[in-house]
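Each chain, written out:
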Amino acid sequence: MTTPPISQKLPAQAVRPARGPLPWGWWLLLAAVAVAVLSPLLLLLWQSFLSNPFFAPAKQVGVSAYSQVLTDPAFWRAFGNSAVLAGAMIFIAVPLGAILAFLVTKTDLPFAKVFEVLLLTPIFVSPIVLGVGFIVSLGPSGFVSGLFTQLFHLASTPWSVYTLPAIALIAGLTHVPYVFLYVSTTMKNLDASLEEAARLSGAGVWKVMTSVTLPLVRPALVYSAMLMLLLGFEIFGLPLVLGDAKGVDVITTYLYRLTAVTGVPAYGPMAVVAMILILLALLIVFMQRALTRNKGSYASLGAKGYRAQRLKLGSWRWPLAIITILYLLYAVIIPMAGVLLRSLVRSWGPGVDLLGALTTANYAAILSSPDLSRSVVNTLVVALVGGGVAVAVYLLVALGIQRAPKGASRTLDYLAGLPRAVPGLIMGLALFWLFIFVPALKPVRPTLISIALAYMVVWLPYGVRLLTAALGQVSKDLEEAARIGGATATGAFLKATLPVLKPGLIAAWLLIFMQFVREYSSAVYLLSPGTEVLGAQIVQLWGTGAVDSIAALSSLQIVIIVAVYSLATRFGVRPE
Amino acid sequence: MRNPVLLARPVLSLLTLSLLAPVVHAQAVPNGYPAGYSATINAAKKEGKLIIYSSTDQASAQPLLDDFKKEYPFANVEYNDIGTSQLYSRFLAEAAAGTPTADVLWSSAMDLQVKLAADGYALTYASPESKNFGPESVYQNQAFGTTLEPAALIYNKRLVKASELPATHAAFAALLSGGKLTGKLATWDPEKSGVGFTLMEYDNASNKDFGAVSSGLGKAQAGLYSSTGAMLEKVTSGEALYGYNIIGSYALLRQKTVPDLGMKFWKDGTIAFQRVAIINKATKAPNTAKLFLDYLLSRRGQLVMANQSLIYSLRSDVAGKATRAVLTQQVGGTGNLRVIGVDKRLLDNLVPATRTAFLNLWRKNVKGQ
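Top to bottom, those sequences are chains Z and S. Using my numbering, count along the first sequence one by one with no gaps and you end on 576. Using my numbering, count along the second sequence one by one with no gaps and you end on 369.
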């Protein structure tokens, strides 16, 4: 323990001697991840060159599906729209999320605790429902729009929620929480001595943030930007609900067009779209590695990290709080209120007496319908248990990326970046094919395990990035000390690093839990009586028009997560 | 005899008797069925679970499932409520993989159902109920129309007075082109929805004013949607005033809770499709599957549809809220009800050239492309 307490910038490579578990352990992990990630993707690759379903007796191999998609102007329009969405998510969500994280974790911003809880909400609400919330509140007939037009005597609202810029703005603002949580977890774990030093030498709050805190969490910023880019191309629920009215297509909603133009599900072209997105994801992971590896990652959380006083915002304290409140109003409170309101009324819109339309029937309908009430329980089981197992798996993969021999580490990094690139609906189909065509998986398919496995694969990029960021913050000093004291590599990790990592792990488990509660598209093909889950149920109901049930189900979703989150905080999961 | 348990005994046995009575009764062959049908019933008793894949909501189907269970208490039914396109994909893949799959497929995607039959996936079965249906509802004794799904003009009663409603397609087209309804229309996107395509294509084939209506939809910048839920929501909230070619049974169901939702059927030609049922040829429960199909087609089943599920019954000998008789009267006579037949013509819709021809017309009229 002779290292000086402040500067602990150890490039990741420097702490990667050939120790840790035996190399074959890493190879085993690599093989397992490769099988889980590559089998659905290779199946899609094969399908992308076939004229018929891969299981059909008659099929031809060729590139006709590629030429169909690549020469379709509608595809390029959708691709361009997706790029706009992804760009908006990066340029809106990353700066806003990072600044909010700084304000909430490092300064004396008023109501910081309340803001933190509110900020979580959009993450765990299905985007379909979030879209419905925006329509009910800010759409042409929305209740906020109604108040606004009455107040200013307007014929219609000066804004729209259906145009491409509007959808991009909404997508950007509703993804701020992802960046916030990601970056704030990292910031909380920072050794505050550097900030303290800057403050003592006279730097203002803004200066501390831009020249000390943000550079220290740079890996987390890069990861969140890349995550936004990935999610931007995969985003489905919001454009599904908001894009129809003006015909704004993105890549995921373009998939519907493929099916209806041929009349039968067009697996070939669908697989082609998946391949294009996989190429894009590989590029994104490559960029991310280039951006983070060159500068090394920063280990700043050690045995001796201490927390300084919160920075004083001074006269900016209240203006910043008001800006935060305005943001929360627009991106969280108003749409959530819309969802809640929708769940409590039979109908809405100008001229409807909302008090008269008030009803609890939508909730009663859920309780009386066995499949809907079962889906609430199943979702909890998958998210709690499956989410817990997922965190353990993701931790192993993140460790592999950090510590395995170079080749294995790089391969793991690329593999782990892939699954979220494929739109959930296609990934769900590919995983469904595996579950029914691979004999060993057949018995698993009618159980909840199949859904948990599918979620685990689909959320691998997100989870691994969460845990890589958490691991990157942990200094190896303690583990090295344990090793010097004679512990085995595994023992040293378990006794020295794991305890320090615990808050990060629990935070990751919470975030994964929320994603699993909300996840929808990848389970659509795996549903069967007894294994219904909320998210997929919502997609199903959207088709036939049961918006009442959707709103009630999602309000339950919100309640579940707020309850779990408050419980977790009460038990000291996220120590301040 | 003070012992309450002993006292309870005769009561209990009475109870048991009364519980058993309908069971014994149900074993009888339904009225009008051949005597040989009892063999099917007896064989069904030895079969395992009946798996149904259906695009009908669980909530709408539940009364039918409950009543079926009442008629055949031994039947063990597993009901899967799946979207039309996923239903087709899932069945095809499972059939190829040889894993357990649906015994009965009941779907609104008429074209895909007939394609499954034409591709050899359907069991051929001469149902004793077939005689109660017209030739437009039975394909090769393999695919069976079970319901009537009229396409309605829905409107928001708060914003549209009954007197303003267009009486004919031509009047509607004029209204659409008048400029007052810009952005206030919701209809199907046939490029994104299979059911939407079937409806719009048939509308074009059977309605001389479709060209004017579709051009009008274009002029009014109608929102094009891929789900009934979205369109109902647009109209009930008043964001759209009218919804064109909306599935009548879904609108009827929504009217139960939203009194502001209006629904009108055209007197100069209302189109309708049918939900089609087929039995998987490779089913392990062929007899239970036959019982279920016959139940859907039976007067008893259609009565439950018309009065509890609020799905328009296909049979004409059924009385109630959502029946063929009520609909025939609303459209102004049998001649005005144009039902899409369960037949080979649907397969033409799956030929890319035919499809493209209609979609090009659609794009030209609605999008000016």
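Hints listed in this document are in silico derivations from the structure and should not be mistaken for laboratory results. These figures come from a predicted structure and were not determined experimentally. Built from N, CA and C at the ideal position, the CB exists for glycine as well. Be a bit skeptical, because a hint or two may be false.
[Stated by the list, open to error] To give a feel for the contact side, a few chain S residues facing chain Z, derived at Cβ under 10 Å:
(1) 55
(2) 96
(3) 159
(4) 162
(5) 163
(6) 165
(7) 166
(8) 190
(9) 232
(10) 253
(11) 259
(12) 317
(13) 361
(14) 365
(15) 367
(16) 368
Verification of the hints:
1. A cut of 10 Å between beta carbons decides the hint on residue 55 of chain S: the least distance to chain Z is about 8 Å, and the hint holds.
2. Taking 10 Å as the C-beta cut-off, the interface hint given for residue 96 of chain S holds, the closest approach to chain Z being about 4 Å.
3. Hint status for residue 159 of chain S: holds, given a least beta-carbon distance of 7 Å to chain Z, under 10 Å.
4. Taking 10 Å as the C-beta contact cut-off toward chain Z, the hint placing residue 162 of chain S at the interface is violated, the least distance being around 16 Å.
5. Here the hint on residue 163 of chain S is broken, as its CB sits about 18 Å from the closest CB of chain Z, past 10 Å.
6. A cut of 10 Å between beta carbons decides the hint on residue 165 of chain S: the least distance to chain Z is about 18 Å, and the hint is violated.
7. Here the hint on residue 166 of chain S is broken, as its CB sits about 22 Å from the closest CB of chain Z, past 10 Å.
8. Among the interface hints, the one on residue 190 of chain S holds; its C-beta lies about 7 Å from the nearest C-beta in chain Z, closer than the 10 Å criterion.
9. The beta carbon of residue 232 of chain S comes within 5 Å of a beta carbon in chain Z, closer than 10 Å, and the hint placing it at the interface holds.
10. Residue-level restraint check for residue 253 of chain S holds (minimum Cβ-Cβ distance to chain Z is 8 Å; threshold 10 Å).
11. The interface hint given for residue 259 of chain S holds, since its Cβ lies 8 Å from the closest Cβ of chain Z, which is under the 10 Å cut-off.
12. Taken as an interface hint, residue 317 of chain S does not check out: its beta carbon lies about 28 Å from the nearest beta carbon of chain Z, beyond 10 Å.
13. Hint status for residue 361 of chain S: violated, given a least beta-carbon distance of 14 Å to chain Z, over 10 Å.
14. Annotation: interface hint on residue 365 of chain S violated; nearest CB of chain Z at approximately 15 Å, more than 10 Å.
15. The closest approach between the C-beta of residue 367 of chain S and any C-beta of chain Z is roughly 8 Å, which is under the 10 Å cut-off, so the hint is satisfied.
16. For residue 368 of chain S, the suggested interface contact is broken, since its CB lies about 12 Å from the closest CB of chain Z, more than 10 Å.
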